[in-house]
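Visitor: Read off the chains here:
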Amino acid sequence: MTSTVDPISLPKRAASNDTEIDREALATLLVEIARNVDPDYRARFEGVPTADPRMETLRQLLVGREISELSRVTHLLDEPEQLAAAVGGVLPSAAARAPHAQLGEALAPAVERAVQRSIQKSPRTLTDILYPVFLPAIRKSIGEKIDQTFQSLNETLRHIFTWHGLKWRFEAWRTGASFSEVVLKHSLVYRVEHVFLINRNSGLLIAHVAADNATSEDPQLISSMLSAIQDFVKDSFNEKEQSGLDTIRFGELRLWSEVGPFATLVAVIRGNPPEELHEIIRDVLLRIHDECSQALEQFDGDSSQLASVETQLQTCVELKQEDSNQGFPWLVVAAVLLVLIPAGGWFFLSWQSGQRWQAYVSRLETQPGIIVAEQKVRDGQFYIAGLRDPLAADPQALLSGTEIDPARVHSQWQFYQSLDPKFVLQRLTASLTPPKSVRLSIVENRIVAEGEAPDTWIDRARAAARQLSAGGPVFDISRVRDVSPEARAAEHWQTYVSRLEAQPGIIVAQQTARGGHFYISGLRDPQAADPQALLSGTGVDPARVHSQWQFYQSLDPKFVLKRLVASLTPPKSVRFMIIEDRIVVVGEAPAAWINRARVASQQLSADGLSLEISELRELTPQELTHLREAIQAIDIFFDSGKAIPGPEQLPVLDKLANQLKELAKEARKAGVTAQFMLTGHSDATGRETANVSISAARAETVRALLKKRGVDPELLLVRGAGTFEPAETENSRTGSSANRRVSVTVNFH
Amino acid sequence: MQKKICMLGGFAVGKTSLVRRFVQSIFSETYLTTVGVKIDKKSVVFPDKTVDLILWDLAGEDDIGSFRVSYVRGASGLVLVVDGTRAATLAVALTLRERAEAEFGAMPFVLLFNKSDLADRWAISDREIDELRQLGWQIYLTSALSGEYVDDAFRQLASMVAK
Numbered sequence: 001m002t003s004t005v006d007p008i009s010l011p012k013r014a015a016s017n018d019t020e021i022d023r024e025a026l027a028t029l030l031v032e033i034a035r036n037v038d039p040d041y042r043a044r045f046e047g048v049p050t051a052d053p054r055m056e057t058l059r060q061l062l063v064g065r066e067i068s069e070l071s072r073v074t075h076l077l078d079e080p081e082q083l084a085a086a087v088g089g090v091l092p093s094a095a096a097r098a099p100h101a102q103l104g105e106a107l108a109p110a111v112e113r114a115v116q117r118s119i120q121k122s123p124r125t126l127t128d129i130l131y132p133v134f135l136p137a138i139r140k141s142i143g144e145k146i147d148q149t150f151q152s153l154n155e156t157l158r159h160i161f162t163w164h165g166l167k168w169r170f171e172a173w174r175t176g177a178s179f180s181e182v183v184l185k186h187s188l189v190y191r192v193e194h195v196f197l198i199n200r201n202s203g204l205l206i207a208h209v210a211a212d213n214a215t216s217e218d219p220q221l222i223s224s225m226l227s228a229i230q231d232f233v234k235d236s237f238n239e240k241e242q243s244g245l246d247t248i249r250f251g252e253l254r255l256w257s258e259v260g261p262f263a264t265l266v267a268v269i270r271g272n273p274p275e276e277l278h279e280i281i282r283d284v285l286l287r288i289h290d291e292c293s294q295a296l297e298q299f300d301g302d303s304s305q306l307a308s309v310e311t312q313l314q315t316c317v318e319l320k321q322e323d324s325n326q327g328f329p330w331l332v333v334a335a336v337l338l339v340l341i342p343a344g345g346w347f348f349l350s351w352q353s354g355q356r357w358q359a360y361v362s363r364l365e366t367q368p369g370i371i372v373a374e375q376k377v378r379d380g381q382f383y384i385a386g387l388r389d390p391l392a393a394d395p396q397a398l399l400s401g402t403e404i405d406p407a408r409v410h411s412q413w414q415f416y417q418s419l420d421p422k423f424v425l426q427r428l429t430a431s432l433t434p435p436k437s438v439r440l441s442i443v444e445n446r447i448v449a450e451g452e453a454p455d456t457w458i459d460r461a462r463a464a465a466r467q468l469s470a471g472g473p474v475f476d477i478s479r480v481r482d483v484s485p486e487a488r489a490a491e492h493w494q495t496y497v498s499r500l501e502a503q504p505g506i507i508v509a510q511q512t513a514r515g516g517h518f519y520i521s522g523l524r525d526p527q528a529a530d531p532q533a534l535l536s537g538t539g540v541d542p543a544r545v546h547s548q549w550q551f552y553q554s555l556d557p558k559f560v561l562k563r564l565v566a567s568l569t570p571p572k573s574v575r576f577m578i579i580e581d582r583i584v585v586v587g588e589a590p591a592a593w594i595n596r597a598r599v600a601s602q603q604l605s606a607d608g609l610s611l612e613i614s615e616l617r618e619l620t621p622q623e624l625t626h627l628r629e630a631i632q633a634i635d636i637f638f639d640s641g642k643a644i645p646g647p648e649q650l651p652v653l654d655k656l657a658n659q660l661k662e663l664a665k666e667a668r669k670a671g672v673t674a675q676f677m678l679t680g681h682s683d684a685t686g687r688e689t690a691n692v693s694i695s696a697a698r699a700e701t702v703r704a705l706l707k708k709r710g711v712d713p714e715l716l717l718v719r720g721a722g723t724f725e726p727a728e729t730e731n732s733r734t735g736s737s738a739n740r741r742v743s744v745t746v747n748f749h
Numbered sequence: 750m751q752k753k754i755c756m757l758g759g760f761a762v763g764k765t766s767l768v769r770r771f772v773q774s775i776f777s778e779t780y781l782t783t784v785g786v787k788i789d790k791k792s793v794v795f796p797d798k799t800v801d802l803i804l805w806d807l808a809g810e811d812d813i814g815s816f817r818v819s820y821v822r823g824a825s826g827l828v829l830v831v832d833g834t835r836a837a838t839l840a841v842a843l844t845l846r847e848r849a850e851a852e853f854g855a856m857p858f859v860l861l862f863n864k865s866d867l868a869d870r871w872a873i874s875d876r877e878i879d880e881l882r883q884l885g886w887q888i889y890l891t892s893a894l895s896g897e898y899v900d901d902a903f904r905q906l907a908s909m910v911a912k
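Going down the list, the sequences are from chains V and W. Heads up, the first sequence is in the working numbering, so the first residue is 1 and it goes up one at a time. Heads up, the second sequence is in the working numbering, so the first residue is 750 and it goes up one at a time.
For reference, chain W alone in the conformation it holds in the complex (with noise of 0.2 Å):
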């Protein structure tokens, strides 16, 4: 089973260092900047099935007026990514998120704080954090250098667009 995954954050939050390590990519870094757009492939194998979550990394832009929702179309769920270090990028994720749903109606996502490692520049409350997990959202702190649960949180994505 596949899934069209839409990776939406603003720019530099760290969404392609996120896939880097741990995707299957054949497509190089820079179709981000030509086509817009690159595609990984994320296996997250269950007991029962293995689910293939097609990933489409879309280059992330401060401007949010430039982001191509087209690209959105047919997607089974959505990873938001925001930059720990800086606030603005989780109005930029909500923002982004709220347009791929206008557009193309409510979809199972998954809320990553990348940049877990910066502890010292980290620029997010817990209890923001609390607060958006009250909401039911699936919120993981994640660390591209690490490593540290971005694979769970793919796995959960992946349980939440396969059911």
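For reference, chain V alone in the conformation it holds in the complex (with noise of 0.2 Å):
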């Protein structure tokens, strides 16, 4: 290394390409450079600048194309947006390339931060994106809740009134846990029998735990059987859900199993597990998958890397619930009877005397005219105000018959009237005293009177009815037809009726009222007073009277008298007395008179009269009497049923007019008025009445037609004597002409 070359010339050479170093000038140039790092060389070489150009030509020799490329990168590193671009190419492959663990780790901050920051934006991304993740978790969690509640619900209910049901309620206030709590825990018996954590890709068996005392066949088999199954289920029902078959039931062997990322976990209980379970279950596979995740993933049936888990499945297996047979607590229950049976006594029967004292009360309740205002039971008494209607039924006598001791109830009762139409009846009937004919009812909340009373009775009912108080019913009075006219005049009637009665020579046999009309019928005498007269003043209506009726001759002194008298027409100089039923006679008179007398005195004596003329002197003097005897021998006839005797009578008037008007004369002279009693007479054919009212009018036609012959009509008297005073007897029915005359008997006075 000898050469005396300029090394500075030498770089200005070019060299002969890029890629080809010049190797000469290369020579060259490591010469020079073992001059300046080699000291002595230093020492000979004064006066080398510190950034010798050289070194620069060779830096450019050496590494240009590297320093180009470094250049090309150092760029590439400062432009950010070059740089993106370049690291996007690759990180996807870098980050697959990456070991898991440390990428994860990495990354794990930055893809929380990403996380917070995409909640705190738009929380609705991040729940679209879990939304199929979570659903399906939510709804298996909800209805395990479900599930729980009903268990818990149903067990409850089943025990709830047995004698365990007690027993545990007591438990439940003993240890402060409610009653479901008590009864899940007493009535869910049940055992993990065996634990299998199943692989779930292959359905290999990863680890198997059994209780103490549980057999099964062969796990491994059990184990993929299981998975099998899962799929066959999932196949067959075409069921997409990723968790799989979650409960089996046979019998009293239940299995559940709990699916995980890479592992199913399957528990084997026997009995009647909590839903709780489902939760413990799936705790104990999240711890698995937690603790062993990547050994889970990668697991190929070799377990040896997952003996830890079989530790996580014990407490599995642990898990149960056994029966307490403990001894059953005879001295608390003892005691707890002691104490609940008097309580339980005194709670039912101040309980069952509440309860009657409120059926009492709503018996009163119920009560019309009564009103509860207020009502309490204080220390064992009862106590009750309200109003009540004095109508009303008593509150005291309704306490008998409900057991309530009367001396314990303490009423306070004001009274009222009741507007109930009940009580309003039962007023107005107090009040009014309605007839027997009047019926007072209630007919929808109305009272309505029906039937008959007189008006008097309807005035004091108006008046009532104005008086009723407003809300209170209505009282209707228009079906009360008014009889008070029939009324009166039935008393009129009686009134007349018995002034019938009190008439002598009148009998009444019967009489009534019927639809406004008076029927009466009985036996009266000629002689006496004529019961038509007597209605008047009454106030009956005669149109309204039918009577009927019967002549007959009383046998009363004082009929006879009249009778006798009437026909006797005994001059003024004769008096009529009677003594004790007798007649007696007495005075002077004409010896025709007295022979007359005579004749009736015999014929009275037959019906078993007495008259007597014992006491009378003749009188009349003997001019007359011939006179008189002439009269009273002629008789004026007429035809049957005719008042107006016949055109051959005529001449028997004219002589009788003449021979009445010289006596007349005659008796003038002598110092006594003559006086003709023209008496009519029938036949006995026909009605008596008929009979009675035709001699009557014979004798008025023979007066008339008398006084037409120049008769004074004073001396004139008229009667009819009807068939009393027949001329001759008849026998037979076709009446008697003899009998149809009118008589002239003459009287001096």
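Hints are computed from structural coordinates only; laboratory data are not their basis. Treat each hint with caution, since some may be false.
Chain V stretches covered by chain W per the calculated footprint, using a threshold of three residues with CB under 8 Å from any CB of chain W [as the list claims (entries may be wrong)]:
hint: 1; region: 215-221
hint: 2; region: 224-238
hint: 3; region: 544-557
We put the CB at the ideal spot given by N, CA and C, even for glycine.
Need the complex rebuilt from these two chains, each delivered in its own frame; the hints are there to steer you.
Guide: The following block contains the structure:
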């Protein structure tokens, strides 16, 4: 290395090309470097500048391409956009190749922040992403919660009224737990017998733990078969769900499986497990996944890596709830009963008396006319206050039969008038005293009077109706018929009837009032008062009276006397007296009259009556007597049913008129007054009334005819004797013409 | 160590007979008709380890369409069974293997030509078998009746999957 070539000039020569190094220049440079590096050389070549341009030349020669490459890379790194593009190109494959754990750790904070940011920005996005993940989990969880609730409810209901239930209630009270918790604790007796952890992919058994005394077939086969069955169900029913079969039940035995990302945990449970067990199993599975996630994922049939799992599974197998067979706490129960029985008895009795009281109060409340305003029970005493209508049922009386001690009841009742129709009706009945023909009733809250009543009662009822309180029931009296006219008429009729009955010579046999008409029948003496005439002044309408009187001769001395006076026409000098049923005639009379009186006396004695004429003295002058006898021998005859004498009687009438006028003249001369009684007679055919009428009519006719012929009418008296004074006795029904006559008797006064 | 092995083959090729005599089983054959699968276990003991082959005997059907390929998930190896007296069953076994591998990737397998005892009715030519052997396939002519090569086949498969 002793070349003298000036190294400084060397770099000036350009390299033959970029890729090939100029070997000669390089050699020169290397010598030059050696010289610079060696301190001896340095000493010898003083004045070499620190920034030797030759070094730069050397660098260019040696690493010129690398420098340009480096500057390109540096440039790339300095330009963020270019760098991003470059990194973006390799990032996916870089991430894929990175060791999982390290990458996960490196990314975790960034991812966490990113997620946090995303949630802050819009929770919706993340929710949408996680929705398909959460939904089945939430659904399952809710389902289990509901099952749990139902199970709790079921068991609680099942045991609520049993002896166990009572016992457990006591336990709940003692331990402060809820009753349903205690029920579940006792009723859900179960034991986890086996736990299988099964690889989800291959169905191979990862671990199996069995409880003491629990036996099973080869767990490896079982676990595979279980996953085969899972697949079977999934395939058979086209189930897309990732969860798999979570419960298989076979009698007492249940298989509960929880599916994790890499492994499924299957618990074989005998008995009746609580739903919470699902959660416990799930927790165990979660812990296993947390601890051995990687080993699980890479499981290929060799479970030696997963030995620790067994301890976790062991916690599951230890789960059980055994039926406690503790001795029954008789003493406690006896003590409790000792307290409970009297207390229960007291409660029952007070409850019962309360019930009775309530029954009584509600009975009172349903009573019309009773208003319960206030009632209470205090210290075994009953207090009640309210209003009651005097007509309502007696509250005290209602107590009987209720088994409530009346001494414990304190009532305070104010009286009031109930507007209840029933009570209004009662009050009206009491105040109006309706006649029997009136009926009061309640029709649709109205009080209706029906029937017949006199106007006085109707007036009172109307007044009462007006006085009824407003708002109360209406008193309707429109259906009561006023019967006062009839009543008054009936009253008048009775007055009339009694007046008739008081009349001598009138015997009332029968009388009725029917339909506003009055019917009366009986006997009357022709001499008796005329019943028709008696009607006047009684107020009875004569048109409504229908009488039927049979004539008869009264044997009353007064009537006998009347008849005698009428038939005998005694002169004024004669007086009649009635002395003890005997008729005594005293005074003086013409002889003819005395003879007639004697005949009458004889006739009367046949009827058991006596007419005494022994006291009479004869009076009449002879001439008058002759004339009188001539006159009295004359009869005017009539045809049957006629009141006017036939023409053949006219000469008889003329003759009679002349004789009457002569006698009147002669009598006047003798100082006496001659009076002529024209007595009409009839035959016995026809009705008696008609006969009496026609006889009187005949007498009247004769009187009129005599008056026409100049006889002083003052002297002519008229009477109808009917059939009572016949000229001859009639045997046949044809009647007698001799009896249809008017006879004349002459009296002197 | 356990391995999931699926036994595939057409209808009545003798899969069930093969396992009946040589494996440990707790499930009756009705599982095949009900669930469509029956699980048996064959333990193969090697000097350094024991491999438990968990054999999934899938119900063989002529209709390949009804083959439940999901049962193969997680399997480490296949036992393809062919009825040596019915040539068509070879195609069935191969098709089933193709479907399983299409779904879950390639996996070790042994191919058993069963019913080797029925020599007079044998329908597969030696040449055909040789050709398959040329492909590096492990092929056994087995007889469920005599048990010939059955153990060998399982042992072979166990060593293949346990590597």
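Visitor: Decide, hint by hint, whether the structure agrees.
Guide: Against the structure, the hints:
no., hint, result
1, 215-221, "holds (count 4)"
2, 224-238, "holds (count 8)"
3, 544-557, "violated (count 0)"
Of the numbered hints given earlier, the model fails hint 3 alone.
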